[in-house]
Every structure is written in C-alpha cells, then in structure tokens.
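Asker: Residue strings, one per chain:
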Amino acid sequence: MDKNRRNFLKVAGISTLAGLGGTAVVDRLVAGVNVAHASTEGGHGAEQGGHEAAPAAHGHAAAADPNANRYGLVIDVKKFYEDPSLGEKCVQACIKTHNIPEFDEKKDEIKWIWMTNYENAFPENPNKYRDEETESNQLPIMCNHCDNPPCVRACPTKATFRNEDGLVLMDYHRCIGCRFCMAACPYGSRSFNWRDPRPFVKELNRDFPTRMRGVVEKCTFCAELVEKGQLPACVEACGESKAMVFGNLNDPNSEIRKVLKENHTIQRNPSLGTLPSVFYIV
Amino acid sequence: MFEKALKGNKYYWMWLAFLGFFIAVACVCYLRQYFYGLGLTGMSRDVSWGLYISQFTFLVGVAAGGVMLVLPYYIHNFKAFGKITILGEFLAISALLMCLMFIMADLGQPLRGLNVLFHPTPHSMLFWDMCVLWGYLLLNIICGWVILTAERKQVAPPKWIYFFVYISIPFAFSIHTVTAMLYCGLPGRHFWLSAIIAPRFLASAFAAGPALIVVMAMILKRVANFDAGKEAIQKMVTIIIYAAIANMFFVGLEFFVGFYSNIPGHMHTLQYLFFGLEHHGHVYNNLVPFMWAFILLFFVGMALICYPKTRKESDFWLAMGCLAIFVSFWLDKGIGFVLGGFVPTPVDEIVEYYPTLNELFITIGIWATGFFILTVLYKIAISVEHEVEA
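Chains A and B supply the protein sequences, listed in that same order. Everything in the first sequence is counted per the numbering used here, starting at 212 for the first residue and increasing by one. Everything in the second sequence is counted per the numbering used here, starting at 141 for the first residue and increasing by one.
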C-alpha cells in the first residue's frame, strides 16, 4: 500500500514537472515568432476579417502597441496594365538602388521585385476564362513582408528577422547560406548569391552595400530610405501615377489606410496565414 | 584500438586506395566550389536545394536505421543481435559524418556554420536538427567504443553505458523525425506539407539502414571471415520486409490523398515525379525514370528477400535483394523527395534541376569518405572479434 502511494507520488511529481517544462518550451517556441506579430494586431487585424482568429488563438501574445509602425504597400494593378512601362521603371529603380547584379544565366538570377503574370502571382486563384486585360499584362511581385513570416521562423541564425517597423530584413553578415528561408518562403521572394555578385553590378550605388557570394537576399521595402522618411525606390519610381501607395498600416489616418478603405484589395495566398503586407487592387 | 585498422591484407588497402582516389577528386572539386560559390552546382533560386541536401536526408535515415539492431538487443534482449549491434552503431557514425559533410558542402558560407550555436534559434527546425544529429553521433561514438573496448578485455560493459544506450534509442527516432520536420512544416510546398512525412521517413529508414547492414554482413562474411549468424540475418530481413511495406503503404496514401481529393497542388509533384508534368505545352519529366526504378527495384528486392529459396539458401541473392531495397529507397528519398518538392515553384513555374559534374564528384567523394570511415571502423570491430575468438 505504502509502496504504491510512493510510486504514485513519484509519477505524479515527474509528470507535473515534465508538463510545466514542456509548456514553457512550447511557449518560448511560439513567442519567438509572435512578439512582433502581436504589436500589429490593432492595425492589421481590422482589414483581415478572416485572419482575426489567428492572432487571437495565441492568447499569451504581448499587448498590442498602437504606436508601433507597420509598413505596408498597396499595388494598383490596373495602373500597371494601363502603362506597361511603369513596371520596368520600378524594377530598374530597385536594381540601381540596391546594387542588384544582373547575370546572363538564369540559374544565377537574383531579383527583389519583378514583373509576372497574374496566374504566377496568384496561382491559388486559377481561372480558365480570365479577362483579356489580366491575361495579357503583367504586375509586380516582391517580398510580402509578412506579419507572420515563415522565413523568419525557419532561419537557424536569426539572420533574417522582423524589425520593429514590420519589415522583414536580412543580416548579410550572419547568414550562413543554408537556404532554409528560400524553401520556407511560399512566395518565391528570396534569392541566393550563387557566385560573387560584384562584377555583375552595372551601376554602383555607394549608399547601399553590395553583397558577397553565399548569402540570401530579398526586397527590404527600402528600410534604409524609409528610416530617413523617404519612400521605397519602386514607389518613388511610380511617381504621380499612384500605382503604388506605401505607408503605415497602424496609422488609421495614413494614405494607405484610406486607399485600403476605399478599394477592394487581395493578398497573395492569404490562406497560408502569413498575413502579407502587400495588397493588390485588381 | 586504432592500430587494428593499420593491419590488413592487400585487398583492404586496395579498397581504401580506391575510395581515397574519389576523396581526393572531391577535395579538388570542393575547393573549386569554395572559391567560386555554389553557382558551380546545378541549383538555382527555384530549386534551391539539390543533391547535397537530398543525400543528407537519406543518410540521416541510414543512421537512424541502426536502431533496429540496438532496440531488439537492449530492450527485448534478442541475443542473436549481440554480435552485430556494433555494425549498426558504426554504420550510424559514418552515416552521420556523411550528413555533416553534406551540410557543410551545401552551406553558402561554411565558415559561418557556428552561427547556429552562437545565435541559437529554437523556432528553427534546423537548430533542433543540429542538436539531435550531434547528440546521436556522440552517443554512438561513446556506446560503440565503450562496448567494443569491454568486449576486447572480455569484461562486462560498465553499468553507466546502458544509460547512454537507452537514450540513443529515442535519439535515433528523433533524428529522422526532426529531419522530416525541416520539410513538413513549410507552408506553400504541398508535396512536403504532409503529416505522414515523418512516419514515412522512419519506415524507409528502418528498411534501408538494416538492408545496408545485411549487405555489409554478407560482404564481411566473404572477405573478413565474420559470420553474423543466420538467426540475426533472418530477423533483420523480417524487419526490412515490414518496414519496406510500411513505406510503400505511406507512399500509396500520398497518392490517394492527392488524386482522390483532386486538389492540383497535392497532385502536381506526384505527377511530375511519376508521370511527367505538363506545363504550357511542355512536359517536364526528368525524374520519372528514377521514380519507376524505385518502384521496380522495390518489387525485385521484395521478391528476393521474401522467396524462401533466395532468402535462406543463397547469401548472394539475399544480399542482392537487400541492395535492391537500399537503392530503391535511395531513389525515393535521396532523389525524388527533396528535388520533387521544388516543382512547381511557389509562383507556378517549373524549373528542372540537373546536377553539375563538380557537384556529382563532391557527392561521390562524400559517400566515399563515409565508406572509408565505415571500412576502418568495421575493420577495428572485426579484428577485436577475431582477437577475442582466438
């Protein structure tokens, strides 16, 4: 009798300890990804009827900070259809600003923003009887700066991370080049330096670093310009056309929030729960 | 005990020299890759993992397969495995060393590898994979060495070693589970995003690992006068048969889910791997021959290891059957699984991957290094065995 009781207490004690430890580990795992996430619920969740459940499910997330910035981008696809030269302007502005190398071989290719067909940007939305305008024109795609980025979750060294403004950035000096983030990105937004990129940079911009071989890179929403209060290079290249509107999603009075309020927008593959920050008016 | 590896007949040295040649070639190829970058491989931004990571994935399975000897011997006290458990442990060591070499070969910045330790990131599965792989490697080195030393001195192994032996069992399962989690937790890659990946990995590992051990045992019987014992071999073959069937059952389930649900994303990679995928008027099918060879070799291998005549009466055909199973599952996991997962890309394009010669030589060289280490370790183990018998 006594022995049974002792055994019971032993087992109960150990399982309690294991239970406590286990929860702590799981909490840490989830918290690492969701700290930044929580701070943006205020601004972002409102537009995302379907996604509101996701942040709520992680009940322990830190309190939302309504003062934090959260940058986003609205792309008016119609304007890119009307003026096909606009896309090339954006792409070239990006290449020049960020010293993006241009290779002859597609295998080496590096791209931050590029023009593609609707069916490639939105493969989860196929339509056999698509309108001619959509069928025959292209739209720009880039990193979505997800609120819940799978690449950040996958990176084993925190070389890719989400900063306090909601931008998903890269530390080129910490990246070990394992390319786990490239496998994890559901939008194909990441590129790898398969060889030394420097000889292939056509016009060198001395205000932005070049990269070395063996590291991953991608669109940064021009974090270095945004920090100075300027617009990202692609948005700037669109000029007065308003084909791209960049701004703080957490500021209810910002222009981007006004545009989002007035137009029906969609995001790339939202069913994956990544909460992209790039919105498309189609 | 290392001195035992330095005494061998001329075939032993010829075999090591043969492997050494490929190792030397691979060293030169790796230096080329190191100074040029991974652009010397066939990988691109669309197929961002190639042969290196696919070999790594397969070899984690081979390493885990050793547990199919350790578990029956230490947990179920299945005495017949006593003599060959060490073969499983040493196979795990060399397979894990190959895994680590493949990872290093795949890194864009290999000198920064330690960043995984300097900036530990628990929400990355790669961090956990590093933990369990290193853990399993150290456990096998400790257990294998201590038990072999005890055997040589003809004393019972120290009690404390059993603690590590028992820990190594869940570790074996964990290495392949965590390796599966590298893939099955990624959103937007339909082929990998399947809860059956981890069990499927384990099933194919528990067939491929023991299959290689049986082949090795048959070779050792011929060249090193080492008899693993009929009972042990037959029991291993039974394990291989069930594990191989489980793997094929899981593959079949993937087909059912994909094709019965008729969801394009779930079918695309399977179509690409087995039938060729049509895309804008072009059929992409460069992996189709490998996949049908996988199916064919599975049936050939199963026939040879199930049919009593070939299974019990002929060492040669038994070894051939096990080799067929091993190669079959290498085609499945070491080729199709990783490379197929990148087709189509997230932006619905299809880019086919062809490894370059440089990449192939590095891959062959790492395999050769693994077999070099395995040969030396087996040489030591068997010399000890012979010494004790004498």
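None of these hints come from the bench; they were simulated from the model. Keep in mind that a hint or two might mislead.
Pairs of lysine to aspartate or glutamate residues, derived as EDC-like cross-links and limited to a Cα-Cα distance of at most 16 Å, are as follows [what the hints assert, rightly or not]:
id, chain 1, residue 1, chain 2, residue 2
1, B, K147, B, E527
2, A, K318, B, E489
3, B, K293, B, E527
4, B, K144, B, E291
5, A, K307, A, D418
6, A, K317, B, E492
7, A, K318, B, E525
8, A, K317, B, E489
9, B, K223, B, E453
10, B, K361, B, E371
11, B, K223, B, E529
12, B, K370, B, D455
Computed from a predicted model, the values in this text were never measured in an experiment.
Asker: Would the hint linking B:K370 and B:D455 be met if the CA-CA limit is 16 Å?
Answerer: holds, 10 Å
Asker: Holds or violated: A:K318 with B:E489, Cα cutoff 16 Å?
Answerer: Answer holds: A:K318 to B:E489 is near 14 Å, not above 16 Å.
Asker: Does A:D418 lie within 16 Å of A:K307 when you go C-alpha to C-alpha?
Answerer: holds, 11 Å
Asker: Take a quick look at whether B:K361 and B:E371 sit within 16 Å of each other, Cα to Cα.
Answerer: holds, 15 Å
Asker: With the threshold set at 16 Å, check whether the alpha-carbon distance from B:K223 to B:E453 stays at or below it.
Answerer: Since the Cα atoms of B:K223 and B:E453 sit roughly 21 Å apart, the hinted pair is violated (cutoff 16 Å).
Asker: Starting from B:K293, check that the Cα of B:E527 is at most 16 Å away, please.
Answerer: holds, 10 Å
Asker: Would the pair A:K318 and B:E525 pass a check requiring their Cα atoms to be no farther apart than 16 Å?
Answerer: Given that 16 Å is the threshold and the Cα spacing comes to 53 Å, the pair is violated.
Asker: Hinted pair, alpha-carbon criterion (16 Å max): A:K317, B:E492. Please report holds or violated.
Answerer: Holds - the C-alpha atoms of B:E492 and A:K317 are around 12 Å apart, at most 16 Å.
Asker: Within 16 Å, alpha carbon to alpha carbon, are B:K144 and B:E291?
Answerer: Between B:K144 and B:E291 the Cα gap is close to 15 Å, so the pair holds against 16 Å.
Asker: Hey, B:K223 versus B:E529, does the alpha-carbon distance stay inside 16 Å?
Answerer: holds, 12 Å
Asker: Is it true that the CA of A:K317 sits at most 16 Å from the CA of B:E489?
Answerer: holds, 13 Å
Asker: B:K147 and B:E527: Cα distance at most 16 Å?
Answerer: holds, 13 Å
Hints 7 and 9 from the earlier list are contradicted by this structure; the remaining hints agree with it.
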